[in-house]
Amino acid sequence: MMQKSSVIACLEKAWPVLVLVLPLLVAVVLADLYGSVLLKRTVTDALIKIVIVVGLYIFIGNTGIVSFGHIGFAGIAAYFATWMTCCAMMKPITMTGLPDFLRLETYSLWSTALVSVAAAGLAALLIGLVLMRLSGLAASISTLAALFIFHAVYANWDNVTMGRASIVGIPTYVTLWVGLGGAFLAIIAAYLYQISSYGLAARAARDDEVAAQAAGISLYWNRLIAFVISGMVVGLGGVLQVHFMGTISVNAFYLNLTFLTLAMLVVGGMRSLAGAVVGVVVLSTIADVFRRLEAGVDLGATRLSTPTGTQEMFLAALMLLILIFRKDGLMGRRELRLPRLRAGRARAAQ
Amino acid sequence: MRNFMQVMVDAVALGSLLALVALAIGLVFGVMRLINFAQGDYITIGAYALVVPTASLTPALFIGALPVPLMVAGVLMVVVLLALATERVAFRPLRNSDPATLLISSFAVSYFLQHLVMLLHTGRPKSVGIGQALTTPIEILGLRVPGIQVVTMAVTAALLIALVLFLKRTPMGIQMRAAAENFQMARLLGVPANRVIAVAFVISGLLGGTVSLLLIVQTGTLDIRMGLMPVIFAFFATVIGGMGSLAGAALGGFLVGVASVLLQSYLPEGLRPFRDAFVFGLVIVILLVRPKGLIVIGAARERV
Numbered sequence: 001m002m003q004k005s006s007v008i009a010c011l012e013k014a015w016p017v018l019v020l021v022l023p024l025l026v027a028v029v030l031a032d033l034y035g036s037v038l039l040k041r042t043v044t045d046a047l048i049k050i051v052i053v054v055g056l057y058i059f060i061g062n063t064g065i066v067s068f069g070h071i072g073f074a075g076i077a078a079y080f081a082t083w084m085t086c087c088a089m090m091k092p093i094t095m096t097g098l099p100d101f102l103r104l105e106t107y108s109l110w111s112t113a114l115v116s117v118a119a120a121g122l123a124a125l126l127i128g129l130v131l132m133r134l135s136g137l138a139a140s141i142s143t144l145a146a147l148f149i150f151h152a153v154y155a156n157w158d159n160v161t162m163g164r165a166s167i168v169g170i171p172t173y174v175t176l177w178v179g180l181g182g183a184f185l186a187i188i189a190a191y192l193y194q195i196s197s198y199g200l201a202a203r204a205a206r207d208d209e210v211a212a213q214a215a216g217i218s219l220y221w222n223r224l225i226a227f228v229i230s231g232m233v234v235g236l237g238g239v240l241q242v243h244f245m246g247t248i249s250v251n252a253f254y255l256n257l258t259f260l261t262l263a264m265l266v267v268g269g270m271r272s273l274a275g276a277v278v279g280v281v282v283l284s285t286i287a288d289v290f291r292r293l294e295a296g297v298d299l300g301a302t303r304l305s306t307p308t309g310t311q312e313m314f315l316a317a318l319m320l321l322i323l324i325f326r327k328d329g330l331m332g333r334r335e336l337r338l339p340r341l342r343a344g345r346a347r348a349a350q
Numbered sequence: 001m002r003n004f005m006q007v008m009v010d011a012v013a014l015g016s017l018l019a020l021v022a023l024a025i026g027l028v029f030g031v032m033r034l035i036n037f038a039q040g041d042y043i044t045i046g047a048y049a050l051v052v053p054t055a056s057l058t059p060a061l062f063i064g065a066l067p068v069p070l071m072v073a074g075v076l077m078v079v080v081l082l083a084l085a086t087e088r089v090a091f092r093p094l095r096n097s098d099p100a101t102l103l104i105s106s107f108a109v110s111y112f113l114q115h116l117v118m119l120l121h122t123g124r125p126k127s128v129g130i131g132q133a134l135t136t137p138i139e140i141l142g143l144r145v146p147g148i149q150v151v152t153m154a155v156t157a158a159l160l161i162a163l164v165l166f167l168k169r170t171p172m173g174i175q176m177r178a179a180a181e182n183f184q185m186a187r188l189l190g191v192p193a194n195r196v197i198a199v200a201f202v203i204s205g206l207l208g209g210t211v212s213l214l215l216i217v218q219t220g221t222l223d224i225r226m227g228l229m230p231v232i233f234a235f236f237a238t239v240i241g242g243m244g245s246l247a248g249a250a251l252g253g254f255l256v257g258v259a260s261v262l263l264q265s266y267l268p269e270g271l272r273p274f275r276d277a278f279v280f281g282l283v284i285v286i287l288l289v290r291p292k293g294l295i296v297i298g299a300a301r302e303r304v
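Chains as they are written, first to last, in the numbering used here: chain A, 1 to 350; chain B, 1 to 304.
Incorrect hints may appear among the rest.
Restraint ranges, calculated between C-beta atoms of paired labels, are given here [what the hints assert, rightly or not]:
1) B:G270 with A:A88: 23 to 29 Å
2) A:G35 with B:A85: 39 to 45 Å
3) B:A157 with A:F101: 55 to 61 Å
What the hints contain is simulated information worked out from the structure, not anything from laboratory work.
Virtual Cβ for every residue (Gly too), placed ideally from N, Cα, C.
Sequences are here, hints too, so could you generate the full structure?
As structure tokens, then:
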């Protein structure tokens, strides 16, 4: 009897993760067995977006501060991964500004991923040390300034990043299953952080700064912890992205990706981990439908296709509608819980 | 010395342009706590209104073919109507949201408009020749100044004076200042909220249309991102100046313009490409020292 209730307690605790992870697993198995090459790529791309958006959620959801700068961390990690793994032949000639240990050597994919994520974490730490002193709108604006600084530096640092040009020849190892692994890691990290005392403190500060401070919670340190963890998870997303595409350019980590990932988070619900995942799934599905429409649909003798740009306009309109009519996104502020137990607790409460 | 004067003229001209954009952003922020990122797309669409929507790279003129006064009026009208439409459709329903939500919504509006332009005009840059007579340099006190810079400074000065007169002397302007100071209290005292906000958007549209025309004469190029850089700089200018303070916005615009031209001219050669990074870094430094900006207005103080 004792054992059984502890199993249920365990299950209840792990449920918000399982309920997100299991459907993803099923989707990946189905895509792997029956999907076309194109569909597999779409699903992999969505899994990578899950990593990035869940990373964003760790900071935005728990602290309530909207950050526009996190894609910069994805970019930093992605460039690090590029330097460590890309094009051994070309690198010494095209990227002369790199230090020798990066310019002349090529590293294994595991160590690359670890170092790149650590680099993103370090960048987040350094920037966070400065920016987390601010709160509210000033903090949001300065994260945007940080993104612009990242872009201005990387777009012009010609002998290290090749400026605005694309770097090609990066090993591509990210398949469906690697993407799934990344998404698992991100979701578990976000959940563990969320139920830790640091996550609780960050949410307390989000809901009422003054009361949280009066209870002895440091706004600065708790926000900084969230910022660094989310920077690392977003960095992981950047690493996966670059090893999925095989190319990198600085504009791939700028306003468009920032907007797309923020839209996913807003649509799903900024204050719920489930919302982050749901938002990615919904918007990726919509994007896929539009991609097919833009390619053209055969209607008898005529071939109809929507003009390019409609997808983005639809996305922006959807985001506005969500902001206007359902401010907390599709998921509201809720996580998915074990339904039976919730009913049981409600009965107990009566 | 001569060289320095030349740099200063450039700096003030860029500063004027940014001050106009910053004023538009600051005015709207004052009345509804919205940082309107779509201001950049107002500028872009104002410029694109000059030509017929086609895929051609050297498109036929549309509003741009009209005589100058009608052309100016036409562009201003298009941008004002656009600004009012975005306010009505997107921003009005969100009026009571927090500033961060409003900022996200203005990103969404901006993204929408940018792709609307792309849909109509394709994404490739186009060239358009309007007011080229203005780009020939004029000799002033031994300095060779492009005519458009003189025009930019004169227009900015005129608009600043007009705006100050409007805000200080007309009933609407006084109501707008009251709304910026304390929106709820102003409403209770009978200030019509919808009208005040609509007028703020009209003015931001007028300023945006003016900037479209000045920019297009200067560069001769249409690009779907042409409004982006001015609005980013102006956005930070309003932050530096103090959100909600109009004097602060104008001051911030000048400061950012002057700072970026000075950095461009006097940074060591190797660091010059990173000029923008220094300007944005400056923003963060100022925010750290004065989180509310250089000029703090009463309404910006947080109450507990």
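Hint by hint, here is what the structure shows:
Separation of G270 of chain B from A88 of chain A is about 28 Å and conforms to the stated range, judged on CB atoms against 23 to 29 Å. At roughly 42 Å, the beta carbons of G35 of chain A and A85 of chain B sit within the given window of 39 to 45 Å. In this structure the supplied range 55 to 61 Å holds for A157 of chain B paired with F101 of chain A, their Cβ-Cβ distance being about 56 Å.
When held up to the earlier numbered hints, the structure conflicts with none and fits them all.
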